[in-house]
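Peer 1: What follows is each chain in one-letter form.
Number of protein chains: 6
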Amino acid sequence: MIYLTRKEHFNAAHKLYNPNWSKEKNEEVFGKCANANWHGHNFNIYVTVKGTPNPETGFVMDLKELSRLIKKHVVEELDHKNINLDVPWMKGLMASTENIAIEIWKRLAPEIEKYNCKLHSIKLYETENNFVEYFGD
Amino acid sequence: MIYLTRKEHFNAAHKLYNPNWSKEKNEEVFGKCANANWHGHNFNIYVTVKGTPNPETGFVMDLKELSRLIKKHVVEELDHKNINLDVPWMKGLMASTENIAIEIWKRLAPEIEKYNCKLHSIKLYETENNFVEYFGD
Amino acid sequence: MIYLTRKEHFNAAHKLYNPNWSKEKNEEVFGKCANANWHGHNFNIYVTVKGTPNPETGFVMDLKELSRLIKKHVVEELDHKNINLDVPWMKGLMASTENIAIEIWKRLAPEIEKYNCKLHSIKLYETENNFVEYFGD
Amino acid sequence: MIYLTRKEHFNAAHKLYNPNWSKEKNEEVFGKCANANWHGHNFNIYVTVKGTPNPETGFVMDLKELSRLIKKHVVEELDHKNINLDVPWMKGLMASTENIAIEIWKRLAPEIEKYNCKLHSIKLYETENNFVEYFGD
Amino acid sequence: MIYLTRKEHFNAAHKLYNPNWSKEKNEEVFGKCANANWHGHNFNIYVTVKGTPNPETGFVMDLKELSRLIKKHVVEELDHKNINLDVPWMKGLMASTENIAIEIWKRLAPEIEKYNCKLHSIKLYETENNFVEYFGD
Amino acid sequence: MIYLTRKEHFNAAHKLYNPNWSKEKNEEVFGKCANANWHGHNFNIYVTVKGTPNPETGFVMDLKELSRLIKKHVVEELDHKNINLDVPWMKGLMASTENIAIEIWKRLAPEIEKYNCKLHSIKLYETENNFVEYFGD
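Protein chains in written order, with this note's numbering: chain H, -7 to 129; chain L, -7 to 129; chain X, -7 to 129; chain W, -7 to 129; chain E, -7 to 129; chain S, -7 to 129.
Since the hints were derived computationally from the structure, they do not count as laboratory data.
Note that the structure is a prediction, hence the values are computed from the model and not measured.
Errors might be hidden in some of the hints.
A pair counts as met if it fits within one copy or between any two copies, since identical chains are not told apart.
To be verified - Keeping only pairs whose Cα atoms sit at most 25 Å apart, straight-line, the calculated BS3-like set for lysine-lysine is:
(1) -1 - 17
(2) 17 - 56
(3) 56 - 110
(4) 24 - 64
Using the sequences provided together with the hints, build the complete structure.
Peer 2: Shown next as structure tokens:
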């Protein structure tokens, strides 16, 4: 078993705002992240898959394919978008890095399994100082 | 003459949209950057000042003071903000990295001169692949 | 279960010197790291906690709180300090990166548990080429 | 148990080419990586060992020794070399990052065990966007 | 006048070998870089242009266009290539980072001038520790 | 004219303390940097030389020689040292990054001139957020 990772990135706007709370409570809990007019980040995503190298290629998975899947199912959905407004599969969820990573897992895991390997983790950086990692359970 | 640089950062939303143009022309020229619902970045800013070290301190300028000035005049104005909507001194200007850097220069240059040194450059990273530098003329 | 990481940093002096050994044996074992007059590093620390996102906030733990805890219990104790001389909880221990990481774990683990999640790891970089990671057992 | 990591690097040429396949099939599968006249990378390698700190030194393993082992068994073998042509222990294997990492594990694991600790992982970066990690099984 | 920079990268093989010298003299002067079977690098290139922002766009130059030019005239020519064997415009020149940067300048400068701005510098990293910068004279 | 840069690093202890001032004034001016028992940093140094590439080598200067000079005249003098106590050529000077860079220039400039090129700048990083650059006048 060997673990293969591909990094991609996207730039997006979001805010942290719970519609069930007052403006005051949102500002108390989320501080600057609740700014009504949004803020944004350069998100970096590391997708790790695991499997056994194919003896004919030496590959766990073709990196060009892995990159293509991430671009199709993650980057095209999120890049230069507003995560709260423009992304159907984030509707009804807080736009936290934790929740974005979990939803990305759900979208990528079945795609990766078509390639004779498994999704191992989604590591999502909101800034270079803050990141989350999700292993699917 | 020695050059001293301090890095700070801020996270903001913006879009590139010329209100004198049609939606179609904006999308043709600015592509994904014209997304109506905004996108965002982790901006990194490097402020460079120049002067002669003070023999008693060894400093061109106290870095704590330089950091305080950047935080007051740049970070507090832009961090977790929408550059198009929330920043009075960007009103009427395209929210390009070029224009943000020029306006930051105008705000910081007179503050730096109070400290017996001069502002040399504003280097502003929109992403790790794209940045501008401005020297004041 | 999702894993959330916050990076902070501190700059400190230390030396590697076993008081039960001769100066010669210390220099033989620790080389330049035994320099009598100390040397120092920019330490980077990554603190990872794990838990389930709160549905109301989307957070495993509020990053502002995690940052505050690391600053209070780690950075204020170590930043611009001499780890051998100025840090009571390192007295009697070799000031190796391994031991600093273990002692940081002991200080942070009970604080993190007050926030409905668990400390997962302390990753401590002494230089960009050398780092340790500790998982508490 | 604590985990200690040392980073080293090497610059090498390689190509991905399966000699049992036609030129056309190689180009179809490996794309630009099959270029007949080779291409190359700055590889970064992170070697992680695990063990218990020695109370007299505070060390899991002396980093100078870990660095010396990586330089002797990995860097001197691969740096400024052609991985397909110049490295006897890669003969007959596809020169993929996966296979290089596995072969490095086989070379380093028995050396590390002489130092009262165990090899935990080999993490090998081919570019800053692509890397593999191997844990020995 | 404002300076705008775009980063791109390419992975290539090369060697340093003067055909007018003996094998021994090449090895004496170039050391490991003269390895007959080549070695390689992940090259990073920063292209800086200078001009005045267009008031309608806020741009010195459209970064999509700058990226397209670098990809067409630099990356497609060098990526996954052997700089000594596969690149017509490097024939007869030593494949040093200095010479690659100078030849890239010659190829890009006339293209940039079509966009109402000027090429300012080519900064080429061979490794993170070694780079050159060329300003055209 | 082309500019060639080599990066090296050293880890050192220092403090900022003016012996002509009271302890109180030192703490007021230098804050935590005046800590009596020292603190330290991982310093990164970028040395840039300028000249014309030699047609036989393609080099402005042999990077192995440039690296050797920096190691001999800078790294061996400062690495794992206390800049205030262990470095004769810093005696009587405040141990600020500015002054360290100026003294490094004085030591390296005459050495570089023996190689048919000129020293262009010394760029010295104290942390990734703070650095100085000196051009010799």
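Peer 1: Now, for every hint given, state plainly whether the structure supports it.
Peer 2: Hints versus structure:
1. -1 - 17: neither (36 Å within a copy, 27 Å between copies)
2. 17 - 56: Classified as between; 16 Å across copies, 46 Å inside a copy.
3. 56 - 110: Answer is within: at 16 Å inside a copy they meet the 25 Å cutoff, but 34 Å across does not.
4. 24 - 64: Classified as between; 16 Å across copies, 31 Å inside a copy.
In the structure shown, a violation is registered for the earlier hint numbered 1 alone.
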